[in-house]
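Colleague: Residue numbers (full-length UniProt numbering), protein chains in the order written: chain A, 1 to 63; chain B, 1 to 63; chain C, 1 to 63; chain D, 1 to 63; chain E, 1 to 63; chain F, 1 to 63.
Just so you know, the hints here were simulated from the structure itself, not pulled from any lab data. Fair warning: there could be bad hints in the mix.
Given that identical chains are not distinguished, each listed pair holds provided it fits within a single copy or across any two copies.
What the hints assert, rightly or not - Derived lysine to aspartate or glutamate pairs resembling DMTMM-like cross-links, with alpha carbons at most 25 Å apart:
| id | residue 1 | residue 2 |
| --- | --- | --- |
| 1 | K59 | E14 |
| 2 | K60 | E15 |
| 3 | K59 | D26 |
| 4 | K16 | E45 |
| 5 | K60 | E49 |
| 6 | K59 | E10 |
| 7 | K60 | D33 |
| 8 | K48 | E14 |
| 9 | K48 | E15 |
| 10 | K59 | D13 |
| 11 | K60 | D26 |
| 12 | K59 | D33 |
| 13 | K48 | E10 |
| 14 | K60 | D37 |
Just so we're clear, the structure is a prediction, and the values are computed from it rather than from any experiment.
There are 6 protein chains.
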Amino acid sequence: MPIAHVYLIEGRDEEKKERLIAEVTDAIHRAVDAPIDSVRVLIIEVPKEHFGIAGQSAKKRGR
Amino acid sequence: MPIAHVYLIEGRDEEKKERLIAEVTDAIHRAVDAPIDSVRVLIIEVPKEHFGIAGQSAKKRGR
Amino acid sequence: MPIAHVYLIEGRDEEKKERLIAEVTDAIHRAVDAPIDSVRVLIIEVPKEHFGIAGQSAKKRGR
Amino acid sequence: MPIAHVYLIEGRDEEKKERLIAEVTDAIHRAVDAPIDSVRVLIIEVPKEHFGIAGQSAKKRGR
Amino acid sequence: MPIAHVYLIEGRDEEKKERLIAEVTDAIHRAVDAPIDSVRVLIIEVPKEHFGIAGQSAKKRGR
Amino acid sequence: MPIAHVYLIEGRDEEKKERLIAEVTDAIHRAVDAPIDSVRVLIIEVPKEHFGIAGQSAKKRGR
Chain A
1 MPIAHVYLIE GRDEEKKERL IAEVTDAIHR AVDAPIDSVR VLIIEVPKEH FGIAGQSAKK
61 RGR
Chain B
1 MPIAHVYLIE GRDEEKKERL IAEVTDAIHR AVDAPIDSVR VLIIEVPKEH FGIAGQSAKK
61 RGR
Chain C
1 MPIAHVYLIE GRDEEKKERL IAEVTDAIHR AVDAPIDSVR VLIIEVPKEH FGIAGQSAKK
61 RGR
Chain D
1 MPIAHVYLIE GRDEEKKERL IAEVTDAIHR AVDAPIDSVR VLIIEVPKEH FGIAGQSAKK
61 RGR
Chain E
1 MPIAHVYLIE GRDEEKKERL IAEVTDAIHR AVDAPIDSVR VLIIEVPKEH FGIAGQSAKK
61 RGR
Chain F
1 MPIAHVYLIE GRDEEKKERL IAEVTDAIHR AVDAPIDSVR VLIIEVPKEH FGIAGQSAKK
61 RGR
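Starting from the given sequences, assemble the full structure and let the hints guide the process.
Modeller: Below, the structure written as structure tokens:
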């Protein structure tokens, strides 16, 4: 019953996020033998100005 | 001082979410004898396309 | 498919934690009409010295 | 490689949040000797109606 | 700079968990074009008696 | 009512973690004008073999 939360800077299109769910689910399934049906993956999008790297937001760093 | 984070697919109306906060707070209070005043409940809403079940988003699954 | 994480200072016995899972699941079910089967509740226990309240650990505060 | 998630009721302006990232990063660096570059700080904003205190949302409590 | 938290019932051996980190990192890299170096994956192990499914702990359910 | 979760590789002594709680609480207080009393800081320690950086655990990377 693994549950993954993936924190991402916002801005990816829906297709990439759908692929992210599929790939991370599959990765967990392969690595720890959890049934695909039991896996949950939540994407938590974080705006650039809320994602701090080395003391500055990604926005300020120009990402 | 219990803190609960509840991850929900978005779409519930405000009344249900207010009730969710009340009910979960009360449940924690009853189960572990924590004073009502000390309990925090955060609702984290997740869009359908960010909530993956069995490798597909809830959106793709038609929820 | 609601998922709740409950952060608790460690020290409750197993019976109380089993009850916590049951009560919080039921509270979510009642409040937002989620099927009982779809609810996940994770208890994350935090040692007293890792739970900070008003700038001091619960251990230092004598809890 | 410390990672901090800071859950805040929404409504602070961008300047305060930029300062929050800088100050929390610095605090972690000073306290546990982690290099500034290795620290990540994520701000997760929670609407008033999703932040429950003592069984009621911050919105209902008039904050 | 994606960060994944994977919540797992405890009990997997170290080799599987090392593989989990490698596979989930790679999955994120492939899906959203994030550089491998920028990905963080945290495994949060949860004891059977703290992982609730449908109102009962995994321990009580006999897992 | 800010709540911070700080994920750390395990191994710091208690004094440093007490200082971490004090410093992070103060940083939040200063940056967003939250009363000291309202701040919660939780330290979530993660074993070296559960903290993945660039696809490898901190243990494997020799930290």
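Colleague: Up to 25 Å between alpha-carbons, please classify K48 paired with E10: within, between, both or neither.
Modeller: both (7 Å within a copy, 15 Å between copies)
Colleague: If the cut is 25 Å between Cα atoms, do K59 and D26 qualify within a copy, between copies, both or neither?
Modeller: Classified as between: cross-chain Cα gap 19 Å, same-chain 32 Å, threshold 25 Å.
Colleague: Under a CA distance limit of 25 Å, which applies to K59 and D33: within one copy, between copies, both, or neither?
Modeller: For K59 and D33, the Cα distance is within 25 Å only across copies (19 Å; inside one copy 39 Å).
Colleague: Treating 25 Å as the Cα threshold, decide for K60 and E49: within, between, both or neither.
Modeller: within (7 Å within a copy, 28 Å between copies)
Colleague: Using 25 Å as the alpha-carbon threshold, which applies to K48 and E15: within, between, both, or neither?
Modeller: both (20 Å within a copy, 13 Å between copies)
Colleague: When no copy is named, should K59 and D13 be tagged within, between, both, or neither for a Cα gap of at most 25 Å?
Modeller: Both. Shortest intra-copy (19 Å) and inter-copy (14 Å) distances satisfy the 25 Å Cα cut-off.
Colleague: Given identical chains, is K59 near E10, meaning Cα to Cα at most 25 Å, within a copy, between copies, both, or neither?
Modeller: both (11 Å within a copy, 18 Å between copies)
Colleague: If the cutoff is 25 Å on CA atoms, where do K60 and D26 land: within, between, both or neither? Let me know, please.
Modeller: between (35 Å within a copy, 17 Å between copies)
Colleague: Check K60 against D37 for me: Cα-Cα at most 25 Å, and say if that holds within a copy, between copies, both or neither.
Modeller: For K60 and D37, the Cα distance is within 25 Å only across copies (15 Å; inside one copy 40 Å).
Colleague: For K60 vs D33, is the C-alpha pair at or below 25 Å within one copy, between two copies, both, or neither?
Modeller: Answer is between; shortest inter-copy Cα gap is 21 Å, intra-copy 41 Å.
Colleague: Within, between, both or neither: how does the pair K59, E14 come out at a Cα-Cα threshold of 25 Å?
Modeller: both (21 Å within a copy, 11 Å between copies)
Colleague: Between K16 and E45, at a C-alpha cutoff of 25 Å, which is it: within one copy, between copies, both, or neither?
Modeller: both (13 Å within a copy, 20 Å between copies)
Figure legend: structure checked against the earlier numbered hints; every hint is met.
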